[in-house]
Every structure is written in C-alpha cells, then in structure tokens.
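> Here is what each chain is made of, one letter per residue.
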Amino acid sequence: MTGLYTRWAIIVGGLLLLAMMTNQQYQRDLSTLSLATVLNSPGTSEPVRIQGMVKSGTLSGDVEQGQATFELIDGPTTLPVEYAGPPLENIRELKTMVLIGQLDKATKTFKAQDTALINNFEFVAAAYLLTVISLCWVLFAMSQRVMVLFKEIKDEKLYEPESDPLAKQE
Amino acid sequence: MLNRFIRYIQRYKGWFGGAAVICLFLGLYTGLLASPADYYQGELVRIMYVHVPLAHTSTLAYSVLFFGSIWYLWKRDPLVDNMCQASAGICALFTALALITGSIWAKPTWNTWWTWDPRLVSFSVLLLILGGYLMLRKLVDDPERGGRYAAILAIVGGIDLPIIKFSVEWWRTLHQPMSFSTRGVAISDDILVPLTLMSIGAWLLFAYMVMVRTQILYLSNLLQAKKGRLFSQTHFSQTSP
Chain A
15 MTGLYTRWAI
25 IVGGLLLLAM
35 MTNQQYQRDL
45 STLSLATVLN
55 SPGTSEPVRI
65 QGMVKSGTLS
75 GDVEQGQATF
85 ELIDGPTTLP
95 VEYAGPPLEN
105 IRELKTMVLI
115 GQLDKATKTF
125 KAQDTALINN
135 FEFVAAAYLL
145 TVISLCWVLF
155 AMSQRVMVLF
165 KEIKDEKLYE
175 PESDPLAKQE
Chain B
22 MLNRFIRYIQ
32 RYKGWFGGAA
42 VICLFLGLYT
52 GLLASPADYY
62 QGELVRIMYV
72 HVPLAHTSTL
82 AYSVLFFGSI
92 WYLWKRDPLV
102 DNMCQASAGI
112 CALFTALALI
122 TGSIWAKPTW
132 NTWWTWDPRL
142 VSFSVLLLIL
152 GGYLMLRKLV
162 DDPERGGRYA
172 AILAIVGGID
182 LPIIKFSVEW
192 WRTLHQPMSF
202 STRGVAISDD
212 ILVPLTLMSI
222 GAWLLFAYMV
232 MVRTQILYLS
242 NLLQAKKGRL
252 FSQTHFSQTS
262 P
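First to last, the sequence lines map onto chains A and B. Taking our numbering, the leading residue of the first sequence gets 15, the next gets one more, and so forth. Taking our numbering, the leading residue of the second sequence gets 22, the next gets one more, and so forth.
It is possible that some hints are incorrect.
[As the list claims (entries may be wrong)] Listed below are several chain A residues computed to face chain B (Cβ distance under 10 Å; list not exhaustive): (1) R21; (2) G28; (3) A130; (4) A141; (5) V152; (6) S157; (7) V160; (8) E166.
[What the hints assert, rightly or not] For lysine-lysine, the following BS3-like pairs were computed, each having C-alpha atoms within a straight-line distance of at most 25 Å: (9) K109/A <-> K69/A; (10) K168/A <-> K96/B; (11) K109/A <-> K34/B; (12) K96/B <-> K159/B; (13) K159/B <-> K171/A; (14) K186/B <-> K248/B; (15) K128/B <-> K165/A; (16) K165/A <-> K34/B; (17) K125/A <-> K109/A; (18) K69/A <-> K119/A; (19) K122/A <-> K109/A; (20) K186/B <-> K128/B; (21) K247/B <-> K168/A; (22) K128/B <-> K248/B; (23) K171/A <-> K248/B; (24) K247/B <-> K165/A; (25) K168/A <-> K248/B.
[What the hints assert, rightly or not] Per label pair, the in silico range of CB-to-CB distance: (26) V152/A <-> I180/B: 26 to 34 Å; (27) I30/B <-> S45/A: 43 to 51 Å; (28) P94/A <-> Y60/B: 37 to 45 Å; (29) P164/B <-> V160/A: 15 to 23 Å.
Just so you know, the hints here were simulated from the structure itself, not pulled from any lab data. Virtual Cβ for every residue (Gly too), placed ideally from N, Cα, C.
Turn these sequences into a full structure, and let the hints steer you where they fit.
Here you go:
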C-alpha cells in the first residue's frame, strides 16, 4: 500500500505544481482588473488589463486609424477611455472588450494602447479540473481495489490446493 | 490467441501507466502553459486538448469493445469477456467526460450548453448504448448469459461508430469538420503538439485502465468462485450423513 500512496503523492504533487504555474501565468498574462479597482488604485506606469462594455452613444473617433474615445462601463462604474494603438477591427457600442493601458490619475481617463481577447479562462479551468479529478479518482479507486483483492486472495489462501469433498466421503 | 495476447500484454501494464503519466504531464504543460492562444477561439482552444483526446479515446474504447464482443461470441473466452466489460466501463467514463468538456467549450463559443447537432446526438447515443450494456450485465443473473446478451448489444451498437465519425460530413452541422483526413491535417503545429501528446497519453491511459480493470474482474471472479466452492463444500459436509 505504501508504494501506491507514494506514487499517487508524486502524481498529485506534479498536478498541483502544474496548477500553480498555470495560475501564475493566468494572473500575469490574462487576468483583468475591474474598473473600480483601477480607479481606486494609486496608478502605475505598468500597463494593466481592464474589461468592460462600451457605453452606448459614447464611441467616437477614427477606429480604422486606431484612434477612438469612448466610455467603458462595468456595473455601476464608468471609465472614460482614450484609445491610440493598432486599428480596432470589431469595436462597437455595447461590446465587451479587454483593453491594455494605464490610468491617467490627473484626468481619470484610461489611456489604452491595445486590446485583447476576453479570456474565458474559467471555462478552461472547469474543463481541466473536471477531467483530471474524475480520471484521478477512478484510477486511484481502481488501484486500491486491486490491492484489496490481492489481500483478500492472500487471506483466503486461494493459491492452496482445495480438498475434494467427494474423495473425502469415500 | 487473444487470451494469450491479453496475458502477455498484462506484464507490461506498469509501462503503459508510466508512459501515460509522462505523456499527459507533457501534454498538460504544453497545452496550458507553452502553447499560444488561438486567433479566433482565444484561450478556449485549450479545452480542445482535453476534449478531443477524450472523444478519440472513447471511440477507440468502443472499437475494442466491438471487436472483443465478436471474438467472445465466437470463442466464448471469459478473459475476453472481462476485457469487454472493462472497456465498456472506461469507455462510458471517457464518453461522459468528452460530452461534458464539449459542452463547457460550447457555452462561450456557441452560446449554448447543448444543441441537437448530429455529432453531439450520435455521441450521446453511444453513452446510452454503454449504459444499456453495463445495466444488462448487472441485471441478468447468469453472468454467461448476461455476457452473451451484452456482446450482441455491443455489436449492434457498433453501427453508431461510423455515424459519429462521418456525421460532420453527412449532415449540416455546427461541429468542426474532421481535422485529420485524406485531405491532410488542418491544424497548426502550435496546436498539433499538445493535442498529439494528450491523445497518445489518453490512449495509453485507456490501455492501462483496461488492463487494471480486467485484472480486477478476473480476481473478483476468482474469489467469488473460491467462495462458492467453499460454500458448497460446507453445505455438502453438513447435509451428508
């Protein structure tokens, strides 16, 4: 049994390490901040990602040239955005977008330089967790069952020859 | 012949398990960390690295069940019957997981958890057939008769395999067409590497799981037979004058 648990400890440890590395990469490259968090932050020179919906009736500028101003909403919070970067291919009003840029604390305007795809990472995490946990659970149960069966066979002395009841009667 | 092959390959069970773990770890690493997001699907493409191997492996598992059932009806080999039963259970697990992960991918992509698409429906039918197979084995008292009926069901249910495979070509469907065909490979290398690693890992894992489950069924039958013999011996000695 000790060998079984050691093997599984190594597998679970490896999976946890992989999960931690994935989470680290997600926090670094994909996670977005809420508009309220950005507005309340002291403001840094490092670019941040924000996600929100383009407010209806606020979009103006030349989006094909990569110049646009609009307001982004996220629940009750609204944040004015000045975009200057690569041409915006499919921006429209009421569209949820991820923008990369910095907050200008003086004007309370978000200066965006790029856009990113909405990551939907919760769906990815759900699919992986479900698959890995189910397979590990079934495999562990199977390995344990084999051990239990071997023990039962040992206890039952199945390998010993059986006496023939008919021969005994004679 | 198949009996001898199963006994021979059982010796290398540990190697299959070890190779599966290595492939799956490499696949998970490349799929989650090393590969880039897709231009259209974004991060959601990573779900494909679990969904597609699970779906491929479930059709492989059903193929094993199908051919094993034909062999069992022909030779009546109990070890092959055990292998079929093992394949059916594992196939059901892989099919259910493929359907659920597909559904998780469909929600943000198609904006629905489920649609009556030919590929989805034919794959769900496979799960129903497997449910019927496993229930039949449980419900029929005589294991040999149960095995025979279940084998017939598995062979008849085999008609679903080509339907699953070609459903995306025969009918208008939301599901992606075949990525591997005689026309070539329609996937970029960035996606192909984790997908291949995960697929090989899933196939090896299936092989390992079938071996372990076949062993469980074999040992359980052995124990049951021993207990049955002990019971009849006791009964015989008590009732004899």
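> Each hint: holds or not?
Hint-by-hint comparison with the structure:
Hint on R21/A holds. Least Cβ distance to chain B is approximately 9 Å, under the 10 Å limit. Checking G28/A against chain B: minimum C-beta separation of about 6 Å stays under 10 Å; hint holds. A least Cβ separation of about 9 Å between A130/A and chain B falls short of the 10 Å threshold, and the interface hint therefore holds. Because the smallest distance between the Cβ of A141/A and any Cβ of chain B comes to about 4 Å, under 10 Å, the interface hint for this residue holds.
At its closest, the beta carbon of V152/A sits 6 Å from a beta carbon of chain B; the interface hint therefore holds under the 10 Å criterion. A cut of 10 Å between beta carbons decides the hint on S157/A: the least distance to chain B is about 7 Å, and the hint holds. Using the Cβ-Cβ criterion of 10 Å, the hint placing V160/A at the interface with chain B is satisfied: the shortest such distance is roughly 6 Å. The interface hint given for E166/A holds, since its Cβ lies 6 Å from the closest Cβ of chain B, which is under the 10 Å cut-off.
At most 25 Å may separate the alpha-carbon atoms for a hinted pair to count; K109/A and K69/A meet this at roughly 8 Å. In summary, the hint linking K168/A to K96/B is not supported, as the alpha carbons are separated by about 31 Å, beyond the 25 Å threshold. Note on K109/A and K34/B: the hinted pairing is violated, with a Cα-Cα distance of about 53 Å set against a maximum of 25 Å. Pair hint K96/B plus K159/B holds up; C-alpha atoms about 22 Å apart against a cutoff of 25 Å.
Restraint check for K159/B and K171/A: not satisfied, since their Cα atoms lie roughly 28 Å apart, outside the 25 Å limit. Between K186/B and K248/B the CA atoms are separated by roughly 45 Å; this puts the pair beyond 25 Å, and the hint is violated. The straight-line distance between the Cα atoms of K128/B and K165/A is roughly 47 Å, outside the 25 Å bound, and the hint therefore fails. Our distance criterion of 25 Å between C-alpha atoms is met by K165/A and K34/B, whose separation comes to about 20 Å.
A C-alpha spacing of about 18 Å is found between K125/A and K109/A, which places the hinted pair at or below 25 Å, so the restraint holds. With a C-alpha separation of about 21 Å, the suggested pairing of K69/A with K119/A holds against the 25 Å cut-off. Of the supplied pair hints, the one linking K122/A and K109/A holds, its CA atoms being roughly 22 Å apart against a limit of 25 Å. A threshold of 25 Å between alpha carbons decides the hint, and for K186/B with K128/B the separation of about 23 Å falls inside it, so the pair holds.
Proximity of K247/B to K168/A is assessed by CA-CA distance (about 12 Å); at most 25 Å being required, the pair is judged to hold. Pair hint K128/B plus K248/B does not hold up; C-alpha atoms about 51 Å apart against a cutoff of 25 Å. Annotation: proposed proximity of K171/A to K248/B holds, straight-line Cα distance about 11 Å (limit 25 Å). Simply put, K247/B and K165/A have alpha-carbon atoms about 15 Å apart, close enough for the 25 Å limit, and the pair holds.
As the CA atoms of K168/A and K248/B are separated by approximately 13 Å, the hinted pair is consistent with the 25 Å bound. For V152/A and I180/B, the hinted distance range of 26 to 34 Å is satisfied, since their beta carbons lie about 28 Å from each other. Here the CB-CB span from I30/B to S45/A is close to 46 Å, well matched to the stated 43 to 51 Å. For the pair P94/A and Y60/B, the supplied restraint of 37 to 45 Å is violated, since their beta-carbon distance comes to about 30 Å.
At about 21 Å, the CB distance of P164/B to V160/A agrees with the hint of 15 to 23 Å.
Checked against the numbered hints given earlier, this structure breaks hints 10, 11, 13, 14, 15, 22, 28; the rest are met.
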